[in-house]
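Could you build all of it, start to finish, from the sequences and the hints given here?
Number of protein chains: 2
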Amino acid sequence: MKITCTQENLSQGLNIVTHIASKNTSLPILNNVLIKAEKGVVNLITTNLEMGIVCQVRAKIEKDGSYTVGSKLLNDYINLLTNEKVELELKDDFFEIKSSKQETKIKGNSAEEFPLIPQVEKNNPYACQISDLLMALTQVLFAVSVSETRPEISGIYLNFNNGILTLAATDSYRLAEKKIKLMEKNSIEKEVIIPARTIQELFRILSGLSDRAEIEDNGTKENNKINIYFEDNQILFVFDNVELVSRIIEGQYPNYRQIIPSEHKTRAIINITDFIKAVKSAALFSRTGIYDISLDFKKGELKITSANNQLGESKTELEGNIEGENNKIVLNYRYLLDGLQNLDSTEVILEMMDGNNPCILRPVESLSENKEAIADVNYLYIVMPIKQ
Amino acid sequence: MKITCTQENLSQGLNIVTHIASKNTSLPILNNVLIKAEKGVVNLITTNLEMGIVCQVRAKIEKDGSYTVGSKLLNDYINLLTNEKVELELKDDFFEIKSSKQETKIKGNSAEEFPLIPQVEKNNPYACQISDLLMALTQVLFAVSVSETRPEISGIYLNFNNGILTLAATDSYRLAEKKIKLMEKNSIEKEVIIPARTIQELFRILSGLSDRAEIEDNGTKENNKINIYFEDNQILFVFDNVELVSRIIEGQYPNYRQIIPSEHKTRAIINITDFIKAVKSAALFSRTGIYDISLDFKKGELKITSANNQLGESKTELEGNIEGENNKIVLNYRYLLDGLQNLDSTEVILEMMDGNNPCILRPVESLSENKEAIADVNYLYIVMPIKQ
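One line per chain: the protein sequences are R and P, in this order. For the first sequence, numbering that gives the first Met the number 0 begins at 0 and goes up steadily by one. For the second sequence, numbering that gives the first Met the number 0 begins at 0 and goes up steadily by one.
Quick caveat, the hints were computed from the structure, so don't treat them as lab data. Some hints here could point you the wrong way.
No copy labels: a pair is met if it fits in one copy or bridges any two.
Capping the alpha-carbon separation at 30 Å, the derived lysine-lysine pairs in DSS-like fashion look like this [as the list claims (entries may be wrong)]: (1) K71 <-> K314; (2) K298 <-> K84; (3) K84 <-> K1; (4) K35 <-> K314; (5) K279 <-> K386; (6) K276 <-> K71; (7) K314 <-> K178.
Here the structure is a predicted model, which is why all the values come from computation and not from measurement.
Printed below as a string of structure tokens:
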């Protein structure tokens with residue numbers, strides 16, 4: 000194999016694929032990146048067996064071939080070069096890398112030792128805007144369960160139906176749900192659970208591309224599109240020069256729709272910045288390991304209190320538009336903060352029945368007549384109460 | 000005790016004193032801040048027994064008194080308030096803190112439980128510019144020994160003599176030395192060793208003040224002055240509204256001047272940015288735990304190489320102004336990088352005898368005729384070679 004490319008292209012590709020090729024001591028080959036030059040195309044490929052990433056790099060191929068070397072080492076080395084032509088050539092079991100002032104040899108392993116990446120046929124895509132998906136991932140990912148005891152909620156739920164992609168995540172103490180529009184009609188309904196690590200990796204790569212696109216002022220519609228394909232128990236995301244394939248979690252996602260309260264006795268509309276500060280103040284005096292703070296709703300006023308025998312107690316009054324009955328609920332401040340910080344609005348609507356039922360947070364825009372026009376309207380966040 | 004002050008002043012003071020009042024489980028009172036209101040002055044005081052910090056806060060005293068509460072808790076709470084009037088009142092064993100919308104009670108401990116802070120008479124100060132001292136601390140602090148086996152090099156050496164303050168630090172593998180001007184003549188020569196943690200804390204506080212001064216565009220000469228006093232085995236730094244007192248390390252600092260080579264056979268002048276990149280490239284292929292890279296000096300060219308059986312090898316050529324004999328030295332890349340990254344110049348002068356003797360790094364400005372005019376001229380950094 001012998002290829003020539005720019006430092007910039009190679010570095011960009013390696014930055015995308017290297018992250019999952021981290022320290023894997025049980026199967027060292029997974030720390031490597033497979034570099035494959037054939038049919039006029041150079042691909043960089045990494046996998047952690049759960050997911051695989053293929054990134055195409057613009058390069059001139061002088062001689063076909065494939066070989067693997069330590070991904071982090073190659074990435075660190077290429078990142079340090081200035082942007083100029085870089086020549087990579089396989090000689091025995093070394094990669095020789097030459098640039099104007101530097102010459103390096105990196106030891107590697109045969110491509111045959113590298114695991115196969117599952118192939119997914121590119122049929123019947125679901126497509127959405129990358130910017131919409133990124134926003135949705137930010138708003139649900141944090142709520143996913145970190146415990147492995149219930150595998151079905153250790154992933155993000157995706158439902159493709161009737162032109163809408165619904166994303167949901169829960170750890171059974173709180174739940175986040177977001178709906179975004181699909182770009183093209185695909186009449187086949189589909190629901191899957193994707194491992195949280197896959198979604199984190201997708202988010203990391205999309206954020207990087209999105210930052211770059213902003214810098215290059217290059218956010219044309221085609222660049223802002225992601226295609227999603229399915230085959231057997233695999234999902235494939237295709238965007239820009241990247242393909243990310245991952246296994247799907249088997250199992251049935253809980254029917255979370257049934258726990259979303261359909262009515263409320265109290266509704267409050269509160270400025271989110273003030274709310275967050277007040278919750279953080281109260282959090283300082285919540286009980287260790289319980290994280291409890293109380294929310295008291297009265298006409299025109301939300302009072303947030305907490306008390307801890309060892310430390311002291313705290314009380315904050317917030318003004319707000321509060322309708323319905325006087326009411327009280329005790330919440331885990333960490334779950335409440337997570338929701339408030341991800342609402343992406345200036346005001347939150349909080350709706351509740353009583354202290355024994357979950358409360359709902361939504362952006363104030365969801366009350367608007369013209370919901371369609373507002374991107375963030377289809378978000379909701381539910382927190383279970385700490386029962387007294 | 001009852002005092003009123005602005006959130007801003009209280010918060011600024013607490014940010015300064017809280018850092019050293021961190022989790023101390025063996026003596027919990029050290030996690031507290033002592034708030035002392037007497038004779039028209041409010042002081043915030045913390046200590047870790049090795050050093051103490053006193054920060055004066057502008058406040059209106061309605062009733063004298065003193066009391067201690069958890070420093071981090073109070074700091075976190077006050078930081079969350081908006082900038083408005085805050086009222087603090089001692090009621091039984093609680094501090095009551097009131098602002099317009101918030102009321103909080105924090106449990107505390109009697110001031111009598113709090114350790115005494117050593118008193119140092121403010122006689123015969125040594126004074127220097129804060130900006131000079133900050134720069135000097137940046138340039139020497141990183142070289143201090145982290146091992147406790149030789150207490151005398153676990154601190155920074157300060158020598159006040161003839162209008163010059165010399166600062167030095169070493170861990171016996173490398174040494175950094177910086178000289179700055181004192182602002183006023185003090186004819187008494189003085190040399191001391193100050194614990195690294197004290198210097199780190201001083202650096203942290205001075206940096207914060209310096210950032211703030213820049214924001215407020217308030218860097219008048221008086222604000223940029225630090226006074227240093229000695230008494231028995233204590234040192235006292237006084238600046239702005241802060242006093243930091245610390246113990247001095249007993250013992251004799253090594254006579255490091257004798258290891259500074261007085262002659263050289265090879266002198267190279269190299270662009271620092273290029274040098275750093277080349278060292279980092281070579282570092283990737285240095286041997287695990289040895290960190291060795293080779294520097295080969297020839298007329299007009301510095302070649303940096305490294306090799307590692309497991310990974311591969313690397314070679315970089317740098318152009319430079321190289322005088323004297325062809326020469327070669329093997330260095331620990333981490334020590335070399337530390338020096339290069341702290342030189343604060345565009346070019347480094349590297350001087351060496353041979354591969355068995357230490358090499359010296361200095362900023363290129365030290366060759367200038369008009370040394371006095373250049374702030375960074377009096378810096379030097381020595382690295383011991385890895386002998387072959």
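Between the shortest in-copy and the shortest cross-copy C-alpha distance, which are at most 30 Å for K84 and K1: within, between, both, or neither? For K84 and K1, only the intra-copy Cα distance (13 Å) is at most 30 Å; the inter-copy one is 70 Å.
Have a look at K279 and K386 and pick one of within, between, both or neither, based on CA distance no larger than 30 Å. Only inside one copy: K279 and K386 sit 21 Å apart there, 56 Å across copies, limit 30 Å.
30 Å Cα threshold - placement of K314 relative to K35: Intra 62 Å, inter 26 Å, cutoff 30 Å: inter-copy only.
Is the C-alpha distance from K276 to K71 at most 30 Å within one copy, between copies, in both cases, or in neither? between (41 Å within a copy, 17 Å between copies)
With 30 Å as the alpha-carbon cut-off, assign the pair K298 and K84 to within, between, both or neither. between (69 Å within a copy, 27 Å between copies)
At 30 Å max between alpha carbons, let me know whether K71 reaches K314 within a copy, between copies, both or neither. between (50 Å within a copy, 19 Å between copies)
State whether the alpha carbon distance between K314 and K178 is at most 30 Å within one copy, between copies, both, or neither. neither (36 Å within a copy, 53 Å between copies)
The structure does not agree with numbered hint 7 stated previously, though it agrees with all others.
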